[in-house]
Structures are given as C-alpha cells and as structure tokens.
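K.L.:
Read off the chains here:
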Amino acid sequence: MDRDCELALVARLRAGDAAAFDAVLEQFNTPLFNFLARLTRRRDVAEDLLEETWLRLVTRAPALREDTRVGPWLFTVARNLYASYCRSRLVEDSHITTLIGLWPCGTPQPSPFESAAATESEQRIEAALAALPVLYREALLLVGVQGLSIAEASEVCRVSPDAMRQRISRARALLSRRLDEAIAARLTGLREVET
Amino acid sequence: MTMHDADDVVMRRLRTLRVHDADAARLDRVRARCHAALTERHAHAERRRRRRQFVARVVEPALVGTLSAGYLVAMVFVLLRTYAIR
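Note that the protein sequences, when read in sequence, are chains A and B. Its first residue numbered 351, the first sequence is counted upward by one per residue in our numbering. Its first residue numbered 46, the second sequence is counted upward by one per residue in our numbering.
Only chain B is shown next, with the shape it has when bound in the complex (with noise of 0.2 Å):
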C-alpha cells in the first residue's frame, strides 16, 4: 500500500464516521428564538417603511404646501405694497 492509498483510507474511514445529532429539544428553543427575531425584524421593516410612506404622502406634501402658501403670500404681501406705493 502506497502512502497516496493509505491516506485515501483514512479519508474515506474520516467520510463514514457517525454522524450526530443535536439535542432536538434544543433545536426547537433554537428554531422557535430565531423565528421570534425573524418577525420582530420583519416587524422592524414594517414599521419604517410606514413611517417612510407617512413621510413621502403626508410630510413631504404638507412642507411643500405649507412653503408653497407662505412663499405665495409674502409675493401678495409685496404686490399690494407695491400697488399701495404707486
């Protein structure tokens, strides 16, 4: 037996050893905290992307009004001096 041979042996007795399993009770602790972080990230996401929405529909539009008004006021305020000047 060449050296190449008995290493094969020893890698093919390392590809049938026993394989184990873990402790299922654990696994379901394990299953059921990841899961429960799973829906609080997902959660998570939920929650900003609501706020991001609220934001882009109501914030945004209400800034923009409100600037948009306040900008066509002061240009009614300075119109009507103006007129009143003359």
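One chain only, chain A, in its complex shape (with noise of 0.2 Å):
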C-alpha cells in the first residue's frame, strides 16, 4: 500500500467508513493472525486477541492521527493486548499458586503453526522460534517474518531502533544456534540408526 492510499484510507477510517475498515482487515487480518498466534503459541488466544484488536481500531478510529501508519499501529495495539494477556496470566497463576501451591509453571508448548508445519525444516524452524524468548521473538517475527522495517518494529516495540537492530542480531544469532543444535541432533540420530 503506497502512503498516499494509506493516508487516504486512515481519513476514511477517521470518519467511520466500513468499506476502509473491511480494507484495512483483508490486508491486516492474516498478518496480525500470524503474528499473534507465533507470539502466544496458542490459536484460540491469537484468535481471542486479534478480534480485541480489530474492536480497538472501531473504537479508536477517530483519534487516528492524520498520518498514522496503519500496519505498526495494528501490530502495536496487538503486541500491548499480549502484553496484558501476560500479565493477567501471570496474575492468576500468582493466585493460583498461592491457592494450591503446586501449580505448574507455564511450560512453552508447541506453537499451532509447529504443530501444522509440513517440512522437517519447517517444523525445526517453528520450533526453534517458537522456544526463543519472548522479546527476540516478536523483533524475529515483526522484522524477519512480517517484514516491517526496523524503524517501524521498534515504534511498535517501543525501543530506539539502535536496541531493535541489536535485538535483531541477537535473535537470529540465537535461532541460527538452536538451528544448528537440532540439525547436528538429528544427523546424530540418524548416525545411531545406521551403525
């Protein structure tokens, strides 16, 4: 989408028209879907967050800023909605915890998409993602994924771009290792195999 169109369809999304907003969902919907459910490893969780995030922007559509980029907006208001997912979970398993006391601590379990994945490559690949931490895993997801820029992944990160960039390299100096550390098991296996 060229800045002329998105600054068009952000003033038509300021004055309510359903046909930007059924615009903007075609083109945002499949991206923020992915997005949420590689950052919460659970579809019904992205799905629940993702419809949060299309009522935000309903609502907040008349507070739009002229030039509001409509992408790292609706990735921000997604990324803050996991953020207080997070901090409600971690509220209620805090309560929970205190409740029965042998409460189990949030496993990382395997993400809808690793589950999904048709290669073995792709499988490591969602499995490796899907076990980074979570901040080198939304900088992988926005930039290496979603392809926003880096300028655009840290406004919605709130970090400088500077951090964003370094966070960038961390994390794919981190997949590459967990990358290779997989691929030398699997040869290992396969080794044990044949002798």
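No lab work stands behind these hints: they were computed from the structure. Misleading hints may appear alongside valid ones.
[Stated by the list, open to error] Stretches of chain B that chain A covers, calculated by requiring three or more beta carbons in the stretch to come under 8 Å of a beta carbon on chain A:
| hint | segment |
| --- | --- |
| 1 | 60-69 |
| 2 | 80-92 |
[Unchecked claim] Here's a subset of chain A near chain B, in silico, CB distances under 7 Å, partners left out:
| hint | residue |
| --- | --- |
| 3 | 380 |
| 4 | 404 |
| 5 | 419 |
Remember, predicted model here, so these are calculated numbers, not experimental data. Ideal placement from N, C-alpha and C gives every residue a C-beta, glycine not left out.
Two independent chains are provided; combine them into the complex using the hints.
P.N.:
Quick look at the structure:
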C-alpha cells in the first residue's frame, strides 16, 4: 500500500467508513493472526486477541492521527494486548499457586504452526522460533516474518532503532544456533540408526 | 559460510514460513461486530450532529429572541414610568 493510499484510508477510517475498515481487515488480518499465533503459541488466544485488536481499531479510529501508519499501529495494539494478556495470566497463576501451591509453571507448548508445519525443516524453524525468549521472538516475527522495517518494529516495541537492531542480531544468532543444534541432534540420531 | 551469510539464510527461511489463515467463520463474526460498532458510532455521531443543529437553529434563536423581547419590554416599562412621572 503506498503512502497516499494509506493516508486516504486513515482519513476514511477516522470518518467511520465501513469499506475502509474492510480494506484494512483484508490486508492485515492474516499477518496479525500469524504474528499473534506465533507470539502466544496458542491459536485460541491469538484469535481472541485478534478480535480485540479489530474492535480497538473501530473504537479508536476517530482519534487516529492523520499520518498514522496503519500496519505498525495495528501490530502495536496487538502486542500491547498480548502484554496485557501475559500480565493477567501472571496474576492468575500467582493467585492459583498461592491457593494450591503446586500449580505447574507455564511450560512452553508447541505453537499451532509447529504442529501444522509441512516439512521437517519448517517444523525445526517453527520450534526454534517458539522456544526463543519473547523479546527476541517478537522482534524476529515483526522484521523477519512480517517484513516490517527496523524503524517500524522499534516503534511497535517502543525501543530505539539501535536497540531493535541489536535485538534482531541477537535473536538471529540465537535462532541460528538452535537450528544448528537441532540439525546436529538429528544427524546424530540418523548415524545411530545406521550403525 | 560467514556468520552474516548464516543470518541471512535464517532471515530468508523466516520469510518463507507458511502463512496460516484465521478461522473464516470467526472472521465473519468479527467483521459483523465491527460493522455494527461502526454503524452505532455513525448513528451516535448523527444524533449528536442533529442535536447541535437543533440547538443552533431553534434553541439559540429562541433564547436570544426571548431575552431581547424581555429587554424591550423592560425598556418600554422604564419609558412609560419615566413619562408617567413627568
């Protein structure tokens, strides 16, 4: 979407145009869903947060600035909603642990995409991505998977572009190392089968 | 392969990850809910606009008219009283 179209779309959104909303929904629903699902690692939570993101757009549209970048704005809302969800989960978990004392801590589960990945290579990368710390995962999801620029991603994560660049670099290195480890483990397994 | 090349490979692989679609039925529900919210917002804005229009066209002139008439009547009384005293 070029900048002029985006500005026109924002103006229509501010005026409450349903067709403009549909255009934004068509363009960003799938990227937002993929971002949220890989971030939360749960399809149901991702769909709930996605719905909330769209409702936020509807309620906040009149207050949008004229020069708002729709994509980064939506990813920011989605990310903030995920942060709120994590905070509420933390509170819930802490209450439950004080009540029963033996509540299991949130163990990382395979993401829905990990289970659905077609190839082994894809499975490996989904698993490695899902196992990354959330700060690195969101940075890679925004820049690597969704194709946002460093500036846009830093705006979404509310950090400086330099900090985002550093985060991406560390995340790439960590992901690369995890993938190498996974491949090495697989090769060792194959060798054991052969001998 | 250098470290930078390896990183590029990772980023390329990330870009080619499979894209999954959200549940279509749920998407329709979300769209309908948002459209309803937009319609409600539109209706609310319309009601507010009409109220403002009514105030501007009816209430304000009526208020100004009433005050002016009151002032005029008061002036007439003052004049009559002044002439009556004379």
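K.L.:
If a hint holds in the structure, say so; if it does not, say that too.
P.N.:
Hints, one by one, checked against the model:
{"no.": "1", "hint": "60-69", "verdict": "holds (count 8)"}
{"no.": "2", "hint": "80-92", "verdict": "holds (count 7)"}
{"no.": "3", "hint": "380", "verdict": "holds, 6 Å"}
{"no.": "4", "hint": "404", "verdict": "holds, 5 Å"}
{"no.": "5", "hint": "419", "verdict": "violated, 20 Å"}
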